[in-house]
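Engineer: These are the residues of each chain, in order.
2 protein chains.
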Amino acid sequence: MKKHVVGIDIGGTKLATVVSDSTGHILGKVRKPTLAEKGPEYALGLLFDMVRETVRLADLEQAAISAIGVSCGGPLDTKTGIVYSPPNLPGWDALPLKTKLESEFQVPVTIENDANASALAEYRFGGGRGYNAVLYMTMSTGIGGGIVLDGQIYHGANDSAGEVGHQILLPDGPLCGCGKRGCLEALCSGPAIARRAQAAIRKQLTNKKASTTMLTLTDGRIEDVKSEHVLEAARTGDALALELVSETAYYMGWGIANLVNVLNPDIVLLGTIAIAAGDLLLDPIRETVSKFAMTRPAAAVEIKPAQLGDALGDLAAVALVV
Amino acid sequence: MKKHVVGIDIGGTKLATVVSDSTGHILGKVRKPTLAEKGPEYALGLLFDMVRETVRLADLEQAAISAIGVSCGGPLDTKTGIVYSPPNLPGWDALPLKTKLESEFQVPVTIENDANASALAEYRFGGGRGYNAVLYMTMSTGIGGGIVLDGQIYHGANDSAGEVGHQILLPDGPLCGCGKRGCLEALCSGPAIARRAQAAIRKQLTNKKASTTMLTLTDGRIEDVKSEHVLEAARTGDALALELVSETAYYMGWGIANLVNVLNPDIVLLGTIAIAAGDLLLDPIRETVSKFAMTRPAAAVEIKPAQLGDALGDLAAVALVV
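Chains A and B, in that order, give the protein sequences. Just so you know, the first sequence maps onto residues 1 to 322 in my numbering. Just so you know, the second sequence maps onto residues 1 to 322 in my numbering.
Treat the hints with care, since some could be wrong.
DSSO-like mimics (lysine-lysine), calculated; alpha carbons at most 30 Å apart, straight line [as the list claims (entries may be wrong)]:
hint	chain 1	residue 1	chain 2	residue 2
1	B	79	B	203
2	A	208	A	14
3	A	304	B	38
4	B	226	B	180
5	B	79	A	291
6	A	79	A	38
7	B	304	A	180
8	B	79	A	79
9	B	226	A	180
10	B	180	A	291
11	A	304	B	79
12	A	79	B	304
13	B	291	B	304
14	B	79	A	180
Simulated coverage check for chain B against chain A, where a stretch passes if three residues somewhere in it have a Cβ under 8 Å from a Cβ of chain A [claimed, not checked]:
hint	stretch
15	151-157
16	165-173
17	194-204
18	245-258
19	263-275
Hints listed in this document are in silico derivations from the structure and should not be mistaken for laboratory results. Beta carbons are placed, not taken as given, at the ideal position from N, Cα and C, and that holds for glycine.
Turn these sequences into a full structure, and let the hints guide you.
Structural biologist: In structure tokens form, the structure reads like this:
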């Protein structure tokens, strides 16, 4: 009999529970809003119910579940399983998540921050299969990262390794969510790209230059321009949008080159925005990396979009325990 | 009976061979000039003789030697033991160093680039003892680096990991030996500090400001000012020298903060110039790191001078095989 596992994906806006077999094949799934404002006790109760419901959906008994994997926003301690006040989960202060789940379900629980869990999922099931040194970087609301070496998540001294989004490139640059300036995340996350786009459009309008497709896409509302409009407009050849893509690729390439010199990865997998953008963004990133990184590590590395797409959240939690 | 090993330290200007017992206690040592211009065959012949001489000096038979460790400038391939044209060893092009030594001495040979070997030596015998994630950074002619995780050198995809000196901070900054601009090495190596000092002194003289102790130390010769004069003058309170130390600490701290965010090391050990400078340089580096790195990894890391000093080269080679 194959073993089955439960995966729990805890986000600030939604909770998801899945049941999977040992190959990562998903047999059942339940999603509910986190209602983060109701605090951790509410979310925990909801999660307990969701886990049971998912097991039923998968036509299994609770006894068929051998382990639970949890992917959750950090910071958290993977050894003790305690979650320390993730920014998107108000009230989750020193919450002993692992202990609570273990005493409820009587199976071993592994908790991991979502970027690390995603990196492991890409290694197990996605673009990182077969590579010894995998660097995964999200490119969405923030820029997170996870490092998988010889099949194991690299945690560092206190589970804080892989904070690739907070590499500082421009110490006098734009303010980052972390309170510092000019982090890669403050330049290349989705909101950061949108901010740069809106500023560039305002500047162009002030100079009374021709308008941009980006504005057409938002019915003229500058404040509605998002990273997806930048990409869409760039695909139509819009000059300003292409400039923004090129600037984004420059900062990403610079940051990745520095990481390539230190980690010498076999592969760098880029998520979300990079998946949506494809080679429009990846090609100039690759060019910048080969210009800025040392010859040998640059020759060794492949830079590719992450592969798991929408399945990532589910598989991230599952990858921890299969 | 304890096992004994040979350590070989290959530099561009000198060769050293040592014999050590299994605890890293050095029993004999021979040093000779590399005479790099004579090419690899000359150096190899010399090394063969030096190894035999060192074993005799240690009052041992050749049969008492169980392994040979070699610390050498990279790039090199640790698996095949082939050295690929290190900049300081002209003619060492695809030289099968491991094979040559193994067929001469009939014992297993481990070769490693000098920065990685030094990192391992600090882990085994120096400031890195007892730490799981150790980052060692040289600060001398260049800025090299080595990463030791759970007691093993981290090599990456093709033995190029740990190139911390080529992290680019200022893409329009000073030219680096690697051909790129604004690498940490181009800002904070010994020659880079000297270059910045000389430029600052020239600028001060142009502005007809008061002179600096740095010039007193070199009998007025600007072109002779080196990093050691900057440190010596800073210790006497010389304003310009203090400014140069502060600038050096800013760049080092910025670069180390980025590394701390990614690697989350338990300890960062800084060599050579940092050892000579002590807290004069280390304190402002620590301040910059705690300002620029994320709170959790910054809280976990200690930043200290490397401990092995002059013994480093010998122990680097030995650490590979004991």
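Engineer: Just pull the numbers of the violated hints for me, sorted ascending.
Structural biologist: Violated hints (numbers, rising): 1, 2, 3, 8, 9, 14, 17; every other hint is consistent with the structure.
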